[in-house]
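Participant: Take a look at the letters that make up each chain.
Number of protein chains: 2
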Amino acid sequence: MTAEIAPPDGSDDAQSVGIVQTQFVRLFEPPSILTLESGFQLGPINVAFETYGELSADRDNAIFVCHALTGDAHVAGKHSADSRKSGWWDGLVGPGRALDTSKYFIICANVLGGCQGTTGPSCPHPETGQPYGLRFPFITVGDIVEVHVALVKKLGIDKLLAIVGGSLGGMQVLDWVARYPDMIRSAVCLASAGKLSAQGIAFNAVGRRAITTDPQFQNGDYYGLDPSKYGEVGPRAGLALARMVAHITYLSEASIERKFGRDLQHSDHLAYDLHSETEFKIESYLHYQGKRFIERFDANSYLYLTRAMDYFDLAQRYGSLRNALGQTEARFLITSYHSDWLFPSSQSREIVSALLETHRHVTYLELESVFGHDSFLLEIQQLEELVTPLLRETYRRYRKTH
Amino acid sequence: MTAEIAPPDGSDDAQSVGIVQTQFVRLFEPPSILTLESGFQLGPINVAFETYGELSADRDNAIFVCHALTGDAHVAGKHSADSRKSGWWDGLVGPGRALDTSKYFIICANVLGGCQGTTGPSCPHPETGQPYGLRFPFITVGDIVEVHVALVKKLGIDKLLAIVGGSLGGMQVLDWVARYPDMIRSAVCLASAGKLSAQGIAFNAVGRRAITTDPQFQNGDYYGLDPSKYGEVGPRAGLALARMVAHITYLSEASIERKFGRDLQHSDHLAYDLHSETEFKIESYLHYQGKRFIERFDANSYLYLTRAMDYFDLAQRYGSLRNALGQTEARFLITSYHSDWLFPSSQSREIVSALLETHRHVTYLELESVFGHDSFLLEIQQLEELVTPLLRETYRRYRKTH
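Chains as they are written, first to last, in this note's numbering: chain A, 384 to 785; chain B, 384 to 785.
Watch out, some of these pointers could steer you wrong.
What the hints assert, rightly or not - A short list of chain B residues far from chain A (calculated; beta carbon distances all over 12 Å):
#: 1; residue: Ser463
#: 2; residue: Trp471
#: 3; residue: His508
#: 4; residue: Pro520
#: 5; residue: Arg619
#: 6; residue: Arg641
#: 7; residue: Ser659
#: 8; residue: Arg705
#: 9; residue: Ser729
As the list claims (entries may be wrong) - Residues from chain A that keep clear of chain B, each with C-beta distances beyond 10 Å, as calculated:
#: 10; residue: Ser421
#: 11; residue: Pro509
#: 12; residue: Gln582
#: 13; residue: Pro598
#: 14; residue: Leu624
#: 15; residue: Leu634
#: 16; residue: Ile639
#: 17; residue: Arg645
#: 18; residue: Leu657
Claimed, not checked - Partial pick of chain A residues on the chain B-facing surface, computed with a CB cut under 7 Å:
#: 19; residue: Val408
#: 20; residue: Glu412
#: 21; residue: Leu534
#: 22; residue: Val589
#: 23; residue: Met627
If you're looking for bench data, these hints aren't it; they were derived computationally from the structure.
Yeah, the Cβ is synthetic: ideal placement off N, Cα and C, and Gly gets one too.
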């Protein structure tokens, strides 16, 4: 259960978790396969995960981090000493940081249906050995949570000190609390919602249409001989386009204006030329984001995971948000961001209302940030100031030993 | 100069202009061809236009309507008695309506670069007889205005009682005032801006990328043997996608939520099926909008006209908004819409500030509407209440006779 963490190794950042490795476990081996929310069955399921810090002897200091749509298990640290890229929430996780690895045991796993090591549509179907493609069963946020729960139990943990997530990760947090109200001692739900808005569904629909109308999509069977090479084959133009439009929705108008405005990319005067595709900096930036994305993400996973977001509707499933969230003793921290128009504050306030009406313990803040939906990934210090006392207090109340 | 208007013909709407016909004129015949803002030259230029009402003997009652990105010259009335579709601003134009055809002479023309009768990339190049495609020269909002000015002069009109337009039409209004400050007696600019925002450029970039990465785009030479059939050939999937994403930006989050919410299209329960593409009503609606759009619009025109919007920056061209707008004696009416996030009110207020600083006569209202950017097309009554007195007062002050 020891985290795979090497010492910071001369790093100038004493708060880094250092070099980490992704771990793998196989769950839901037949005959104990998972019955999905749709009724379909799936198994075995491989899960890619990382852990940081050490699990206490009483197994009471575990925190599960739920990643967002295109995230992965690699939350913090680096995969090698010469890697230039840290985990996606590196500033939040480490010794002395909000998710303090000198006190807590942090777990993050790649989601079911993803493409970063956990079973998803690019993985071989156990019967045919060929990639699932669109034969992969439909999955929901609840199915994602069930796999995480199985992982946590496999690690010998019955109760979590906290679950933490933003956006689709926040949906997982809410669904987890609804499914296993007694398993959670605190829940941190950032820039999220009890259901995806119609506007959110609309943008997802555009992204999916971009992928499925790309002639290289081939009805999902685009992997060729080596399914791990999905970054080199398939609906690259469509997936890049899906990312471009999604990326706009992650930023605020003000942040785009501030970062790019109407600045030109390569010159100080307008070219009056329709062929120069990347004349404004914002265009160049979006094209770059699209291009980078297709190197790391599978188009089929994008279809399945956006569909899981569309389907998420906690009140519809449980009768009401109150029913869904009123059964737990967990202490909640909910944040929204003033400039986030994809998951507006009104949606967080609906969650908060349901918690207050059922007399749950909740702290809610609408935070000022210019970064739009991406704020939850970027405004680390704001988050640290809120998360640190929540975890300390929750741990103080519930830990069995000193 | 008489408008091509038949009597309402038993219509139950006495305020309709009735049956109208699109007219055509050829301008900028060599050697008097148009020098574009880019320095390129273009001519001859065919212009499709419609007129409603009668020009007064003193030629002092003419109003020019500037259409938006995907509009056309057909503002009001019907093209035939059995047509089910009226012009795009029918509720605003007619006897007794805000643009009162019993008093005023209304003109609207399809924009340069468009695909509804005015010369654009789908038209034959005069030298080769083949469609221009991407050989069509780059055009700006200013070039569009120059063609309209030439049309107005060809109609024997020196001064306009008013110019009216929303969105890209509003940009034309502002550019017209800047270029020909003495030609305009009143200017109505709705849901528009002195420059397109970076976010607006970003959404346009996505739409253009959808078109140009469609394999059927063929670098713009997709017309086949009959260029008028562009609705049946070319980057249909890409153009539909461009329309889908643009359409989302024309609606407010609240109007999407109110109209569609999370309602399903064909059933009352979730299908848990990735293959059913149109499960939510909002998806079905967007796919329908995309499909309908490709029947009436040319992908190359979409590229050129969105680029013209991107380039529009009045302050950059004239040194400041004050310089651009401070030279006219025209009376301004500026409106923005509370729920319009594509052209937010802050952009209209910049225009208003420039007008106030130069002591121009301006009325500004931020109107309440749930319809987002599309409000200027839909909130006819609000508009009528503002436009009617502006025109009456302007006409009273300036007309030469009774």
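Participant: Next step is simple, just say for each hint if it's right about the structure.
Facilitator: Evaluation of the provided hints:
no., hint, verdict
1, Ser463, "holds (35 Å)"
2, Trp471, "holds (23 Å)"
3, His508, "holds (15 Å)"
4, Pro520, "violated (8 Å)"
5, Arg619, "violated (9 Å)"
6, Arg641, "violated (9 Å)"
7, Ser659, "violated (10 Å)"
8, Arg705, "holds (19 Å)"
9, Ser729, "violated (9 Å)"
10, Ser421, "violated (3 Å)"
11, Pro509, "holds (20 Å)"
12, Gln582, "violated (5 Å)"
13, Pro598, "violated (6 Å)"
14, Leu624, "violated (6 Å)"
15, Leu634, "violated (8 Å)"
16, Ile639, "violated (4 Å)"
17, Arg645, "violated (6 Å)"
18, Leu657, "violated (6 Å)"
19, Val408, "violated (26 Å)"
20, Glu412, "violated (24 Å)"
21, Leu534, "violated (23 Å)"
22, Val589, "holds (5 Å)"
23, Met627, "holds (5 Å)"
Hints 4, 5, 6, 7, 9, 10, 12, 13, 14, 15, 16, 17, 18, 19, 20, 21 from the earlier list are contradicted by this structure; the remaining hints agree with it.
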